[in-house]
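A.B. asks: Read off the chains here:
Number of protein chains: 2
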Amino acid sequence: MAYKSIDKEDVLFFKSIVGEKCTIEKSNIEVDFSHDELQTISGYPDIHLYVNDKLQIQNIMKYANQHNIAVTVRGSGTGLVGACVPVNGGVLLDTSQMHKILELDKDNMTLRVEPGVLLMDIANYVEKVDLFYAPDPGEKSATIGGNISTNAGGMRAIKYGVTRDWVRGLEVVLANGELVSFGGKVVKNSSGYSLKDLMIGSEGTLGIIVEATLKLIPLPKETVSLLIPFENRTNAIDAVPKIINGHTLPTAIEFLEKSSLKFSEEYLGKKLPNDDYEAYLLISYDGSTKDSVDYDVEVVSDLCVNQLGAIDVYLVDTEERKKSVWSARGAFLEAIKASTSLIDECDVVIPRTNITEYLDFTHQLSEELEIRIPYFGHAGDGNLHIYFCKDNLSDDDWLNKTNIGFKKMYDKAFEFGGKVSGEHGIGYAKRAYLKDQVGDIQVELMKGIKKTFDPNNILNPNKVI
Amino acid sequence: MAYKSIDKEDVLFFKSIVGEKCTIEKSNIEVDFSHDELQTISGYPDIHLYVNDKLQIQNIMKYANQHNIAVTVRGSGTGLVGACVPVNGGVLLDTSQMHKILELDKDNMTLRVEPGVLLMDIANYVEKVDLFYAPDPGEKSATIGGNISTNAGGMRAIKYGVTRDWVRGLEVVLANGELVSFGGKVVKNSSGYSLKDLMIGSEGTLGIIVEATLKLIPLPKETVSLLIPFENRTNAIDAVPKIINGHTLPTAIEFLEKSSLKFSEEYLGKKLPNDDYEAYLLISYDGSTKDSVDYDVEVVSDLCVNQLGAIDVYLVDTEERKKSVWSARGAFLEAIKASTSLIDECDVVIPRTNITEYLDFTHQLSEELEIRIPYFGHAGDGNLHIYFCKDNLSDDDWLNKTNIGFKKMYDKAFEFGGKVSGEHGIGYAKRAYLKDQVGDIQVELMKGIKKTFDPNNILNPNKVI
Chain A
1 MAYKSIDKED VLFFKSIVGE KCTIEKSNIE VDFSHDELQT ISGYPDIHLY
51 VNDKLQIQNI MKYANQHNIA VTVRGSGTGL VGACVPVNGG VLLDTSQMHK
101 ILELDKDNMT LRVEPGVLLM DIANYVEKVD LFYAPDPGEK SATIGGNIST
151 NAGGMRAIKY GVTRDWVRGL EVVLANGELV SFGGKVVKNS SGYSLKDLMI
201 GSEGTLGIIV EATLKLIPLP KETVSLLIPF ENRTNAIDAV PKIINGHTLP
251 TAIEFLEKSS LKFSEEYLGK KLPNDDYEAY LLISYDGSTK DSVDYDVEVV
301 SDLCVNQLGA IDVYLVDTEE RKKSVWSARG AFLEAIKAST SLIDECDVVI
351 PRTNITEYLD FTHQLSEELE IRIPYFGHAG DGNLHIYFCK DNLSDDDWLN
401 KTNIGFKKMY DKAFEFGGKV SGEHGIGYAK RAYLKDQVGD IQVELMKGIK
451 KTFDPNNILN PNKVI
Chain B
1 MAYKSIDKED VLFFKSIVGE KCTIEKSNIE VDFSHDELQT ISGYPDIHLY
51 VNDKLQIQNI MKYANQHNIA VTVRGSGTGL VGACVPVNGG VLLDTSQMHK
101 ILELDKDNMT LRVEPGVLLM DIANYVEKVD LFYAPDPGEK SATIGGNIST
151 NAGGMRAIKY GVTRDWVRGL EVVLANGELV SFGGKVVKNS SGYSLKDLMI
201 GSEGTLGIIV EATLKLIPLP KETVSLLIPF ENRTNAIDAV PKIINGHTLP
251 TAIEFLEKSS LKFSEEYLGK KLPNDDYEAY LLISYDGSTK DSVDYDVEVV
301 SDLCVNQLGA IDVYLVDTEE RKKSVWSARG AFLEAIKAST SLIDECDVVI
351 PRTNITEYLD FTHQLSEELE IRIPYFGHAG DGNLHIYFCK DNLSDDDWLN
401 KTNIGFKKMY DKAFEFGGKV SGEHGIGYAK RAYLKDQVGD IQVELMKGIK
451 KTFDPNNILN PNKVI
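Protein chains in written order, with the numbering used here: chain A, 1 to 465; chain B, 1 to 465.
In short, the hints are calculated from the structure, not lab data. Treat the hints loosely; a few may be bogus.
One copy or any two copies: either way a pair holds, since identical chains are not told apart in the list.
[Said to hold, decoys possible] Below, computed lysine-lysine pairings styled on BS3-like, alpha-carbon distance capped at 25 angstroms:
| # | residue 1 | residue 2 |
| --- | --- | --- |
| 1 | Lys270 | Lys412 |
| 2 | Lys412 | Lys106 |
| 3 | Lys258 | Lys54 |
| 4 | Lys447 | Lys407 |
| 5 | Lys106 | Lys15 |
| 6 | Lys21 | Lys290 |
| 7 | Lys159 | Lys128 |
| 8 | Lys15 | Lys390 |
| 9 | Lys322 | Lys258 |
| 10 | Lys62 | Lys407 |
| 11 | Lys322 | Lys451 |
| 12 | Lys412 | Lys62 |
| 13 | Lys215 | Lys323 |
| 14 | Lys323 | Lys270 |
| 15 | Lys412 | Lys140 |
| 16 | Lys4 | Lys435 |
| 17 | Lys337 | Lys26 |
| 18 | Lys62 | Lys221 |
| 19 | Lys447 | Lys270 |
| 20 | Lys215 | Lys412 |
| 21 | Lys215 | Lys451 |
| 22 | Lys62 | Lys447 |
| 23 | Lys106 | Lys242 |
| 24 | Lys290 | Lys159 |
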């Protein structure tokens with residue numbers, strides 16, 4: 001489908017809406033805005049617009065819809081599947097300047113924010129007043145708009161769910177410029193089809209999120225983390241289901257393996273305490289009293305050491321230990337990126353009981369294809385981040401091996417009832433695999449929904465489906 | 001739109017699918033199957049089919065789609081808005097015989113069930129093995145299929161959310177008979193538009209739920225309830241936000257008022273302990289240790305008595321007390337129904353900070369219209385159940401007063417950002433109010449979605465939109 005190229009008249013119009021300073025014309029667009037965090041997909045917009053409020057967005061969309069101009073929304077650009085890359089050119093609609101926190105309603109326990117507010121700013125803002133926004137995706141400089149658009153997950157999904165579970169309401173500008181409101185401050189809602197839930201995870205293809213109302217809860221007073229070494233990967237991962245159904249619900253169970261950990265250690269120039277074991281679980285609990293988390297620690301320590309073959313249990317209790325352990329975990333993606341020239345990611349989610357078998361398969365595939373495949377993952381929720389590394393491969397070999405490898409990885413995941421993406425979305429890069437996963441009938445349903453919301457297909461074209 | 005009437009050939013076909021015994025022809029259909037729990041909407045099907053498996057449903061839908069026959073799904077028929085009433089005749093597809101629990105997966109903490117399994121049976125089944133399905137709608141004999149179709153809420157929504165939050169996967173038969181699967185056992189999922197979430201709350205208009213995979217968590221070891229009397233309604237309700245943001249998260253906060261309580265007491269022939277106060281909050285906490293719930297009780301008792309004007313705090317600790325208090329709460333709807341000839345319900349949800357003002361408005365309206373309007377509600381989540389009672393009104397007066405009254409009630413709720421339905425859905429009865437709430441643009445989006453899923457409009461026609 002051909003979109004209108006942006007001409008002088010269009011530029012004048014956009015300048016009249018967002019102002020001269022916020023209109024970046026093609027020749028001045030920086031390379032950073034032609035790709036996302038992973039840099040596997042690239043494409044320049046014809047114009048890069050920094051928007052400041054919802055009215056500007058409405059006016060831009062009305063115009064774009066009338067003139068058949070493609071519009072791609074971008075927040076911080078921290079995505080990994082090319083969702084914010086304007087592969088068809090047109091407008092790059094940048095919401096990063098819409099970063100106001102609009103209202104903290106302590107009585108209804110909600111936070112109203114603009115889409116460009118960063119995840120880390122939300123945490124800082126609400127935790128100061130002893131409130132808690134629980135979703136905890138690794139990338140803290142992502143915008144909340146981006147998090148909602150991909151239904152971002154994070155490390156606390158076992159206990160607290162994902163972004164979807166924390167969005168009470170959305171204001172959305174539709175493809176034709178109309179402003180609509182889904183949900184609100186209400187705790188329950190059974191009033192017609194949940195357009196809010198349809199918008200969440202739709203990666204900018206159905207509408208533009210211009211405001212979100214988030215759910216908050218009281219900040220848990222006590223938190224504790226444990227670093228639990230095991231003799232090998234299998235022992236560590238096989239312990240996970242037993243820990244979760246052992247009558248204490250952790251906030252997070254992350255899996256660390258020596259072979260991946262070394263990237264973080266090199267990258268950070270810092271070693272994990274007690275780093276001489278093959279595999280670890282990093283487990284957290286939270287609660288309202290010290291006694292209740294102490295109880296959790298006691299139960300899980302006893303279980304791990306006496307029944308599940310753990311070598312030891314280290315309490316991550318000092319500030320320094322906390323920092324070193326969680327920064328090692330947090331630096332994985334950056335560290336793996338820094339270890340090679342190019343990476344591509346498989347963000348599968350599978351039932352947690354199939355992780356061991358899946359990682360064995362991954363190791364086998366790595367040998368078979370002669371490609372390095374480091375990984376890490378949320379052992380508690382079955383969401384794995386598996387990276388193909390280009391290293392010294394030629395461009396052709398890289399393309400070839402990733403095509404073969406990804407297809408095998410996803411097909412294996414589907415055998416277990418797994419999904420293409422646990423939290424990073426489909427974007428541009430994973431569309432073929434989504435089709436493999438859901439099949440033609442569901443793709444047609446999704447296309448019908450897309451057509452209903454965006455009949456001219458101007459919103460983030462060629463993404464998701 | 002005209003649907004095909006069911007003729008002899010159709011009957012023969014349906015008998016060939018579900019068998020003679022499970023095919024009830026028009027002349028033999030019982031009156032119970034022409035209405036739901038509330039009896040405000042009525043309509044007989046042309047044929048009542050008890051289905052036993054998903055293949056039967058697929059075959060029925062293929063046939064119905066080819067022959068333009070309307071199909072309405074029914075579980076236990078405990079709805080309150082006519083969603084399961086076949087207002088256009090055709091097939092009543094009864095899933096109540098599909099009540100097998102298919103798989104308890106302790107390691108992935110999921111329960112796979114057929115749609116006709118009753119809510120009470122799920123609770124019994126999982127709690128025996130120390131697991132917990134948290135949604136707690138009042139009507140325990142509802143089917144899980146019905147609960148999912150209305151996104152049922154219940155009393156534990158403050159802490160645990162609603163049905164939507166506990167559905168990991170769905171198998172659905174589409175209008176054309178195709179079987180599709182949304183989600184699964186996975187904890188996270190960012191793989192395309194969330195068709196699962198679109199299906200939840202769609203009240204049988206987009207597809208037929210033939211299997212559900214539910215999320216479970218470890219059963220909280222300790223629970224405690226408190227009955228807290230206040231001098232009046234306003235004091236009780238205004239305490240609620242302070243209790244919730246007072247750094248302990250209750251599982252439930254229910255509101256009881258003397259004037260409503262008397263219906264329950266009369267209906268049950270049993271008095272609440274300490275029943276001589278104007279208004280009460282009934283608050284619950286749960287946790288993994290006795291110490292942690294004791295802490296919650298201490299914090300909330302201190303807060304209520306010393307800062308929020310509570311008269312006293314009664315621990316609902318003996319089995320007998322628990323039974324009498326929760327049965328009084330549980331019997332409200334039945335008791336109000338028994339107190340009059342006909343009722344109609346307003347199931348609004350509003351921000352919890354607006355409940356006092358909303359109930360004042362309700363009292364005023366009751367006087368103004370000279371109609372009795374008892375109510376009760378989930379004070380913690382802002383979902384109120386407000387009943388118009390016909391008593392001795394003529395049919396004309398009843399129609400007139402409910403039309404005027406409901407319009408006013410909903411419009412008032414919308415002023416606060418409230419919604420038509422917190423948990424009972426839109427069905428047939430509340431369609432006009434949904435339109436008032438969401439406006440034409442969203443109705444058109446919903447219609448587009450409906451057309452995508454059910455182009456011939458045979459699935460539960462004339463419901464929701």
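A.B. asks: Work down the list of hints and note, for each, if the structure agrees.
C.D. replies: Status of the hints after comparison with the structure:
no.	hint	in the structure
1	Lys270 <-> Lys412	neither (36 angstroms within a copy, 60 angstroms between copies)
2	Lys412 <-> Lys106	between (46 angstroms within a copy, 23 angstroms between copies)
3	Lys258 <-> Lys54	neither (48 angstroms within a copy, 47 angstroms between copies)
4	Lys447 <-> Lys407	within (23 angstroms within a copy, 37 angstroms between copies)
5	Lys106 <-> Lys15	neither (39 angstroms within a copy, 59 angstroms between copies)
6	Lys21 <-> Lys290	neither (53 angstroms within a copy, 61 angstroms between copies)
7	Lys159 <-> Lys128	both (22 angstroms within a copy, 22 angstroms between copies)
8	Lys15 <-> Lys390	neither (42 angstroms within a copy, 61 angstroms between copies)
9	Lys322 <-> Lys258	within (18 angstroms within a copy, 52 angstroms between copies)
10	Lys62 <-> Lys407	neither (40 angstroms within a copy, 34 angstroms between copies)
11	Lys322 <-> Lys451	neither (48 angstroms within a copy, 53 angstroms between copies)
12	Lys412 <-> Lys62	neither (44 angstroms within a copy, 32 angstroms between copies)
13	Lys215 <-> Lys323	neither (28 angstroms within a copy, 33 angstroms between copies)
14	Lys323 <-> Lys270	within (11 angstroms within a copy, 58 angstroms between copies)
15	Lys412 <-> Lys140	neither (31 angstroms within a copy, 40 angstroms between copies)
16	Lys4 <-> Lys435	neither (29 angstroms within a copy, 36 angstroms between copies)
17	Lys337 <-> Lys26	neither (29 angstroms within a copy, 68 angstroms between copies)
18	Lys62 <-> Lys221	neither (48 angstroms within a copy, 56 angstroms between copies)
19	Lys447 <-> Lys270	neither (49 angstroms within a copy, 57 angstroms between copies)
20	Lys215 <-> Lys412	between (36 angstroms within a copy, 24 angstroms between copies)
21	Lys215 <-> Lys451	neither (31 angstroms within a copy, 32 angstroms between copies)
22	Lys62 <-> Lys447	both (22 angstroms within a copy, 22 angstroms between copies)
23	Lys106 <-> Lys242	between (37 angstroms within a copy, 9 angstroms between copies)
24	Lys290 <-> Lys159	both (18 angstroms within a copy, 20 angstroms between copies)
Violation of the numbered hints given earlier is confined to hints 1, 3, 5, 6, 8, 10, 11, 12, 13, 15, 16, 17, 18, 19, 21; the remaining hints are satisfied by the structure.
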